[in-house]
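For this one, chain S is given, so just place chains G and Y on it according to the hints.
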Amino acid sequence: MIWFILRRAGAASIVLFLASVMIFLGIRALPGDPAVAMAGEEATPEAVAAIRAQYGLDQPLPVQYADYVTQTLTGNLGRSTQDKLPVADILAQRLPVTLELAAIAIVIAVTIGLLAGIVAAVQSGRFFDYVANAIGLVGLSVPHFWLGLLAILLFSVTLRWLPASGYVPFSEDPAGNLQRMLLPAVVLGTGFAAALMRQTRSAMLGALTADYVRTARSKGLSERKVVAVHALRNSLTTVVTVLGLQLGVLISGAVVTEQIFVIPGFGKLTVDAVLTRNYPVIQAVVLVVVVGYVLINLLVDIAYAALNPRIRFGGGADG
Amino acid sequence: MTGARTAPNGDGPLLDITGLAVDFDTEDGVVHAVKGVDLSLGAGEILALCGESGCGKSVTAMSIPGLLPRGARISGSVKLEGRELTTLPARALRDVRGKEISMVFQEPMTSLNPSFTVGYQLGEVLRRHEGMSRGQARARSVELLDLVGIPAPDRRIKEYPHQLSGGMRQRVMIAIAVACSPKVLIADEPTTALDVTIQAGVLDVFRDLRDRLGTAIILITHDLSVVADIADRAIVMYAGRAVEQAPVTELFARPRHPYTMGLMKALPAAVTAAGVGERPRLAEIPGMVPTPMTDPDECAFQPRCPRAEPDCTASRPILEKAVSESPADGHTVACFHPLEGEGR
Amino acid sequence: MAEQVVERPAAPVSPGERGRLWRRFRRRPMPMTGLVLVVAFLVLALAGPMLTRDPSAQDYNAIMMPSSGAHPLGTDDLGRDALARIASGARISLQAGLLSTLLALTVGIPIGLVAGFYRRWLDPVVMRLVDVVLAFPFLVFAVGLAAILGPSLRGVVLALSFIQLPQVIRITRGEVLAAREMDYVAAAIADGSTDGHILARYILPNCAGPLIVQATVAIPIAIIGEATLSFLGLGVQPPTPSWGVMLTTAQQYLDQAPWLAIWPGVMIALATLGFNLLGDGLRDVLDPRSGT
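Residue numbers (the working numbering), protein chains in the order written: chain S, 669 to 987; chain G, 3 to 346; chain Y, 2 to 293.
Read the hints as simulated data drawn from the structure, not as lab findings.
All values reported here derive from a predicted model rather than from experimental measurement.
There may be inaccurate statements among the hints.
With a Cα cut of at most 30 Å, we get these calculated DSSO-like pairs of lysine-lysine [unchecked claim]:
#1 Lys893(S) / Lys81(G)
#2 Lys101(G) / Lys81(G)
#3 Lys37(G) / Lys323(G)
#4 Lys160(G) / Lys893(S)
#5 Lys893(S) / Lys101(G)
#6 Lys37(G) / Lys81(G)
#7 Lys37(G) / Lys267(G)
#8 Lys81(G) / Lys323(G)
Extracted from the complex, chain S is given alone in its bound form:
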């Protein structure tokens, strides 16, 4: 198990290294003078010179890269060209908002997706299965942002149950925070729940016809135990895999959802940064996403191994 984690961590570091090179080169592939681009179009020549010196843009590329890595690792991500605040501070302020949104969305999605997938598999070919499949397909086919618009149209404009947008920090008003986060989280979690439902159903269908499930039935176990213990345990690896694969979708979805519900999170920061060509922020945002993505995938791999005794204990008596 230790070796497995080390191997995976090694592979993840290679990916991170290559990704950091790509981000580094990406900024330098910008048309025109990167110093001007990073300082902003209306920046003074002094500001441009300061950026050039700060990023060492007159140095050879390898030196620049080494410098970039050192700066990044010490938490210096540069300053935003809009409000001149340190990018690290902006991230520290924005990230928790998005993480809360994503966490609520994942909890909702896993609860609904897993349960619906299990029931659909057990009831395969019957009414619930058809309904769950239909809803799942629609859920996959509807883009986040339209779902968000419809939700606002229904719950805020027509029914006036929930505020359309706005954000209150959890520390100031927990109830108000959750009330405003609920709708965006449901919107964000829908596609995820649909994907999870379909994958869980398919994995459970496979598990329910497996020989070991027949064995469990032949032991006289209750159907609930056969499904919830024997079949589900072997389907959980699928759930974990889907979690990993859906992460990118979740990140994109968070960006869109924050834009619609005007939540001052990481995603809104990203879009605003691109629209204002705020390159230091763009660079940092991309880096954060890639690092987060690689780390979470690493966790997914470890969870995958923890669920699978074959990996946990290495090879068996007969390989």
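Just chains G and Y now, kept in the frame of chain S:
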């Protein structure tokens, strides 16, 4: 061993199956997998159900404890000590499974759950039916693994299936099956996936269990060498029906049905004596097994039969007492032109 | 990286088998619904703009009018006909979906073929790069490209095709590895056929089934991707009538003109649903070993 011994209560055989038929609804129509099988099993008896794949022997076995997949329609009667199982409510049937009737399947590689330890999967059945605590189940599990010949059982119990060899896994399956001292053990091709040497060891475990615990065993196999090795009595099935039934020594000495004869000709000569040998393939009878979609009123084997006469297509032969000069009774055959018991 | 669920190889489809596959496909209601939706989408995208009004014509006498005889789906904030803009938007969606998928196939298939066929040093390098690309979520590419190229349909198509590349390469490579083990490929190698001939004649046809399935999965993702980027202002720019752009406008007038928010979304959902249903059906038929 002659015929079915009676159950301890004396009312009849331990397990009594009459007119069992199983249909499956599939996308392509109704498949008649089993078309009417009568079978009885005495206490402590080892009965072999044999025939080519697709003859309905596995479906027959699975229908006894009600383990057929959804979409299967079952008719006829399955009685365990006089109690009808086919109409039993699901809950009551689950009390029978693993306790009074238990099963061992063909694929030891996939029949154990890869995510749980051997001890958990063995203890599960004890806790379910014997109301044991985890500690009691653990202690009993070690004994059971020892019983089926697994060395160092207290260590093995903590291992996962992938850490065991195929033969070991099949012994674990048998330990699970006999954990609650069932009256009937159904073993579906239990040795087919195993090497010949390991096969003999597993068969010894079955024989030993019958001798020590008095468990009656239904052994499903396509392998006549296994039948010769271990069974007391055998039923040969073809296209969803029994075509011949006899004590094993009688069957091997005087096969009556041309199909049984065909199966035996596919066997190496040494097998009947030694019980082991090269595993024969049964596909050496020319022709194809008829489709299970239709069921014409004729002998199903006649298209492949060297002894077929015009009357074989006129109606279907039923299982009747064979005309035999031998003292061994209970030899029945479904054929209009059976062999005259000349042996082989 | 998490284990990807890679499609298992499907048996090559012989012409004689095609009729049987079609009958199996036709009997299922869901894929047929998908086929109808996809065909309707194609007709709308290809013929629609010719049959409707000028999508850019502004009419200040008919601003944000609900559905009427002259404007079946109403008009937007500049008095433009919503139906005409829907039809033109279908064209943008189709372009984004088809071009990005075709680009990914054009680039990915040769890479996958070569990596799988020659193995050696090339294969691990390609697969490691695939891992790196997979480490970037889609939006990062889109954001990066929008930052470099400026927001445009071109940037959207490039970003969308880039994220499809890893799957195309993996599937093609997997099929090549499987096909290499086949007797007929071994025989062709023994015959002294050229590598190019073996790849084109024997191995490429094997990849067709899984790649078609992959394309039907990728196209709806691309359609949603284009709409999403355009909605955020990172893709197609106004006044070009993309469905995403239309929804950006709709969001501003949610109180006054809710119908503007309905139709573009319904179109996106139907087009995507159509491809998803079709894809599920094709997978069942062409690639029965992989689950849904």
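Against the structure, the hints:
no.: 1; hint: Lys893(S) / Lys81(G); result: holds (27 Å)
no.: 2; hint: Lys101(G) / Lys81(G); result: holds (16 Å)
no.: 3; hint: Lys37(G) / Lys323(G); result: holds (20 Å)
no.: 4; hint: Lys160(G) / Lys893(S); result: holds (21 Å)
no.: 5; hint: Lys893(S) / Lys101(G); result: holds (17 Å)
no.: 6; hint: Lys37(G) / Lys81(G); result: holds (18 Å)
no.: 7; hint: Lys37(G) / Lys267(G); result: holds (27 Å)
no.: 8; hint: Lys81(G) / Lys323(G); result: holds (23 Å)
In summary, the structure agrees with every hint in the numbered list given earlier.
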